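Given chain A's structure and the hints, the job is docking chain X onto it.
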Amino acid sequence: MRIDPLLTQIRMQSGGSPGWLHRVPLDLPLLGGLAALSGIALVVLYSASGQELDVLIRQSLRLLLAMGGMLAVAYVHPRFLYNITPILYMVAIVMLVLVLLVGKTSMGAQRWLDLGIVRFQPSELMKLATPMMLAWYLARYAPPPSLKSFLLACALILLPVLLIAKQPDLGTAILVGSSGTAVIFLSGLSWAYLLGILAVGASALPLLWKMLHGYQRDRILMLLNPEADPLGRGYHIIQSKIAIGSGGIGGKGWLHGTQVRLEFLPESSTDFIFAVLAEEFGLVGCLGLLGAYFIILARCLCIVARAKDRYSRYLAGALTLTFFVYIFVNISMVIGILPVVGVPLPLVSYGGTSTVTLLAGFGILMSIQYHENSRAMK
Amino acid sequence: MSEPLTVEDTLRENRLFLNRIVASVLGMLIGVALLITRLIYLQVAGHEQYASLSRENQVKIAPIPPDRGLILDRNGVPLAENLVTYSLEVIPEQIKDLPTLFHALEGAINFDESDIEQFQELKARRKGFESVPIRLGLTEEEVARLAVRLPWLNGAEIRTRMLRNYPYRELTAHVIGYIARINDKEQESLDPAQYRGTIFIGKNGLEKSYESLLHGQTGHEEFEANVKGRVIRRLGMTEPVDGADLHLSLDIGLQKTAMDALGDYRGAVVAIDPANGQVLALASKPSYDPNPFIQGINKKSYDALQNDEARPLYDRATRGGYPPGSTVKPFEALAGLELMNLSPASRIACPGYFRLPGSRHKYRDWAHSGHGATDMRLAIIQSCDVYFYTLATRLGIGRLHDFMQGRFGFGQVTGLDIAGEKGGLYPSEQWKRSHRKAEWMAGDTVIAGIGQGFVTATPLQMARATAILANRGTSPEPRLVREIKAGWRFEDPHPRRPPIGRGISAQHWSTVVGAMVDVVQRGTAQRISSGLTYRMAGKTGTAQVFSVAQSKTYKGMRVTRSMRDHAWFIAFAPAEAPRIAVAVIAENAGHGGTVAAPIARKVIDRYLLSTPP
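Taken in order, these protein sequences are the chains called A and X.
Heads up: the first sequence at position 153 corresponds to 153 in the numbering used here, and the numbers run straight through without jumps.
Heads up: the second sequence at position 244 corresponds to 244 in the numbering used here, and the numbers run straight through without jumps.
Just chain A, with the same shape it has in the complex (with noise of 0.2 Å):
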């Protein structure tokens, strides 16, 4: 009970916003935070890109393109979104499988559907309909949630993930994995059941390892020791721990890493942009990148605070938490901490597919502000 009165302050605080605005669904704090986050991002992808100015227009353009996506995703009632899960779920499935198919092969992995127009990656449209199928179906029943409930809603996380990691993909497999096991965490499953997952994920370990493909033992491999191949297959690793603890304090300065420069920093401006932001920003633009996540993910919190319904609670809940993961996973990589898996920084690193879908998410957020907002205020 004492954590009621803390709720309501919450709701109290983050309440009051501008006469004109209830019109527009637009969520005024986070959308800053994601302003500020872009401007980092923008600032660090040209000095990684070996300043190229083209790089740095197609990437605004793409968060513009994105931002516009948002705010029409923000329009659209949860009630809505609640509506067309199970569908949207199952269309996202069967292009999984229509990936393994028939799909396009780039760098050695199946991701792309071409859908005449556009190529299309069904595994980013999975990161969001794997939690809304799950707080879907949890949203069903009263928290928390029954053994059967418990077992189907494993297994709706396992199909997608399955899939996804077989192309392989084990990056996304990762984020749609976790962001289910948000939603079934969120659901209040109990203390009990949680570490009994531990339990068998820790002892499914072993085969795990078996599933693996080549390249991916190696590189959880060579988190362990880098130094054995310094060459090959440690090279990511021990470049990136270079530029990042070349960098120091205060950094090289904007333009000035030669890590980058120089081209030792493998795929500087995609999944290992966070080691070019360290050499030339420091450990200060380290925390400055860290405190424009922070604003984000705190107002993400207020939001999910706020919700009303288990189904919104569940999905920006779970938007949140995944959110975080993808920011822990893509750094900890880079700073050598967790294998190299082709997570990007969202919002930062240079790509299209996964800043629309990250963006598209906090549509969702925004929409579930929005319209939990108005409903309080009839």
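Honestly, the hints are just simulated from the structure, not real lab data.
Bear in mind that the values here come from a model prediction, so they are computed numbers and not experimental data.
Warning: the hint list may mix true and false statements.
[What the hints assert, rightly or not] Partner residues aside, some chain A positions facing chain X, computed with beta carbon under 10 Å:
#1 Phe-120
#2 Ala-243
#3 Cys-286
#4 Arg-310
#5 Val-325
Here a beta-carbon is modelled for each residue, glycine too, at the ideal position from N, C-alpha and C.
Below, chain X without anything else, positioned relative to chain A:
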């Protein structure tokens, strides 16, 4: 949408949900704390280490190897030179696919596994941003073949590189030595900064003993390069300093005369300027061509040289220890004069053999009928063995050893400025006890008196001893290098010590030198006296290789060539103002006066008659 909740349910569910949110926030905080800790570990604690690694990444240092110094004879004729050759090289950082490159090469030039092996060896040794030769010394045809294919040999370049050449091949092999690829053992003891970019190192001869000067000082270029090895900008440069040129006292003409004079005999000729110890000729036969060693001689050729019974790789002039035979007699005569106040006129009866008191063993004279009553002068001229058997026995091995070693350097290296010189041996009682585990016998002294038994000396030592004789006591240190021309302040690796002179009465010198002049005029080397336009002092020696049994005579035996005596001759000229001292040995050639003396005459003639004093 889910069913509306009852108030109680709502409260309970709210609480449960909020609990989970709080747990999530806690989890996130732990995660962020983990990230920040790691960042501090890398960026604060590890900053220095990673900063230096980053700098290493960024700054590349390319060595600029210096040109190796030349070796020139006394008239400036190059004996070791550098030729501009073409080589095919790569900077390994710039090559992605070496196997493909090798494959392409196989089609273009005669390129095989051993080339790859050598390349890999060089590549493993190099430190960083360095051009590594795949093939050195390309022929013009190979250059042409490669030039047209270069666009397809991704990253390989044709460069010019200086390659060592020894134009006089066999003539100077034992003096100059050669350079060859640096091996692992050498690599360990080398200054890595100086030898970055250097492939070759002196392996023997002057190339080895003057390596530090000949090599020069490596320069380097610092620049910033990206991960693909493309140079972004130059940061700085230090010019190399080319190796020092060595000007020798050796006269290549005289060297050739000496080698030619030896003819088919195995042996050595050493000629020294007695005034300063400068080596004028240092010939050892047979010899070998050092040029194939530079790039790595093939195993078959090397085995052939190594297993050759004539041992062409062996430098007889400085390493060959031969019994000096009768050439020690003038030195012993001086010992008698100096240590025993022996009168040169006192005679010793020579019946053709010598017996120790109380022994029946006969030490034979080479002249079986004997020389009759012999004084010192005659004993030297005729090379009477009995005279010197007697003299040695009277002097005793102790005094002989100290005199021969102390005054004439027997049993000691001369200190010539090339490595590997052997010191020969002049025995003593103590030496025999410690090395042979036996007591000294009176008979050992007897045969030491004619330079046999345990006594050995190298041709270089004999030439030096002869030079001391020519100088009448002043001992010069033999040197091949007369002048070093270097572009930096250097320390001479073989500093010259001032000549040592030890007084022996002038009269004694005259006695012995006079007798040696007569050796040539009317003694054992008489046959070279005809047409001699200067006065030469000499002494023959015929060193026994094989011991003849007491009852037999040498002549009566069937002897194989390897059992025949070594022929010696030592000489200096002109006798009154010596300008050259020579020692000649011809292995298994028989009598010194017959074979060795004419060789010495040719060498001395050539030097005195073609070189103004």
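Verification of the supplied hints:
{"no.": "1", "hint": "Phe-120", "in the structure": "violated (30 Å)"}
{"no.": "2", "hint": "Ala-243", "in the structure": "holds (7 Å)"}
{"no.": "3", "hint": "Cys-286", "in the structure": "holds (5 Å)"}
{"no.": "4", "hint": "Arg-310", "in the structure": "holds (5 Å)"}
{"no.": "5", "hint": "Val-325", "in the structure": "holds (9 Å)"}
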